[in-house]
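Novice: As a plain string of letters, each chain reads:
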Amino acid sequence: AQSVAQPEDQVNVAEGNPLTVKCTYSVSGNPYLFWYVQYPNRGLQFLLKYITGDNLVKGSYGFEAEFNKSQTSFHLKKPSALVSDSALYFCAVRANQAGTALIFGKGTTLSVSS
Amino acid sequence: KAGVTQTPRYLIKTRGQQVTLSCSPISGHRSVSWYQQTPGQGLQFLFEYFSETQRNKGNFPGRFSGRQFSNSRSEMNVSTLELGDSALYLCASSTGTGNAGELFFGEGSRLTVL
Numbered sequence: 004a005q006s007v008a009q010p011e012d013q014v015n016v017a018e019g020n021p022l023t024v025k026c027t028y029s030v031s032g033n034p035y036l037f038w039y040v041q042y043p044n045r046g047l048q049f050l051l052k053y054i055t056g057d058n059l060v061k062g063s064y065g066f067e068a069e070f071n072k073s074q075t076s077f078h079l080k081k082p083s084a085l086v087s088d089s090a091l092y093f094c095a096v097r098a099n100q101a102g103t104a105l106i107f108g109k110g111t112t113l114s115v116s117s
Numbered sequence: 290k291a292g293v294t295q296t297p298r299y300l301i302k303t304r305g306q307q308v309t310l311s312c313s314p315i316s317g318h319r320s321v322s323w324y325q326q327t328p329g330q331g332l333q334f335l336f337e338y339f340s341e342t343q344r345n346k347g348n349f350p351g352r353f354s355g356r357q358f359s360n361s362r363s364e365m366n367v368s369t370l371e372l373g374d375s376a377l378y379l380c381a382s383s384t385g386t387g388n389a390g391e392l393f394f395g396e397g398s399r400l401t402v403l
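As you go down the protein sequences, you meet chains A and B in turn.
Using the working numbering, read the first sequence as starting at 4 and increasing by one per residue.
Using the working numbering, read the second sequence as starting at 290 and increasing by one per residue.
Calculated from the structure, these hints are not laboratory results.
Quantities reported herein were computed from a predicted structural model and do not represent experimental measurements.
Where hints are given, some of them may not hold.
Said to hold, decoys possible - Heads up, simulated BS3-like pairs for lysine-lysine below, C-alpha to C-alpha not over 25 Å straight-line:
# : chain 1 : residue 1 : chain 2 : residue 2
1 : A       : 52        : B       : 302
2 : A       : 52        : A       : 25
3 : B       : 346       : A       : 109
4 : A       : 72        : A       : 61
5 : A       : 109       : A       : 80
6 : A       : 25        : A       : 61
With the rest of the complex left out, here is chain A (with noise of 0.2 Å):
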């Protein structure tokens, strides 16, 4: 079965220090790795994804993030922490067959504090 996993509920930084949040997946066949982030009360916004070709993966707002396909892992991360990146984040994995449909990991609450 698919699956994803964010092994932190929370991730504590400090501004301008860099951050990671953690994501592993269990898919079988090739992945489609995807990162969002969602703010109060608001839905989610797309960052990043993974589709193939080269590992670390540039999106928006600085954020980055490299698979890694023996660790299955698809780590979010950015050099330099914003009090405004301050959100919950969601990794999220499609198998590559037919539709849209995503399996999304728990969770991982961000605080960057000033």
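Based on the hints, put chain B in the right spot on chain A.
Specialist: Positioned in the frame of chain A, the structure of chain B alone reads:
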């Protein structure tokens, strides 16, 4: 380009009632999918419609149903509401062709069942 529009944004119902939620996708998008977000279960896929046909379905009881119209607008209906149906219901649209594309989410409809 206008984003995904969901109506109503907030609604309160009582147990046993039914509810209909509406979603207008981004212009040109032919796929609409629905997700339920709750604190306990996180984000769960309900179903996806493409060109008026249900393409995928999640693991929800038959009380949850949906449809898509010829203009790609979609509705989802929940009958015989239960307290556990209280959730944020998110609609997402995509072009629907191929499965590498990201989903674009609406702001959601927050349903409270009393």
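Novice: It remains to establish, for every hint, whether it holds in the given structure.
Specialist: Here's how the hints hold up against the structure:
For the suggested pair residue 52 (chain A) and residue 302 (chain B), the alpha carbons sit about 37 Å apart, so the restraint of at most 25 Å is broken. Annotation: proposed proximity of residue 52 (chain A) to residue 25 (chain A) holds, straight-line Cα distance about 15 Å (limit 25 Å). Distance restraint check for residue 346 (chain B) and residue 109 (chain A): the Cα-Cα separation of roughly 20 Å lies within the 25 Å cut-off, and the hinted pair is therefore satisfied. Taking the CA atoms of residue 72 (chain A) and residue 61 (chain A), the gap is about 17 Å. The hint holds against a cut of 25 Å.
For the hint linking residue 109 (chain A) to residue 80 (chain A), the alpha-carbon distance of about 18 Å falls within 25 Å, and the restraint holds. Simply put, residue 25 (chain A) and residue 61 (chain A) have alpha-carbon atoms about 16 Å apart, close enough for the 25 Å limit, and the pair holds.
In terms of the numbered hints stated before, the structure departs from hint 1 and from no other.
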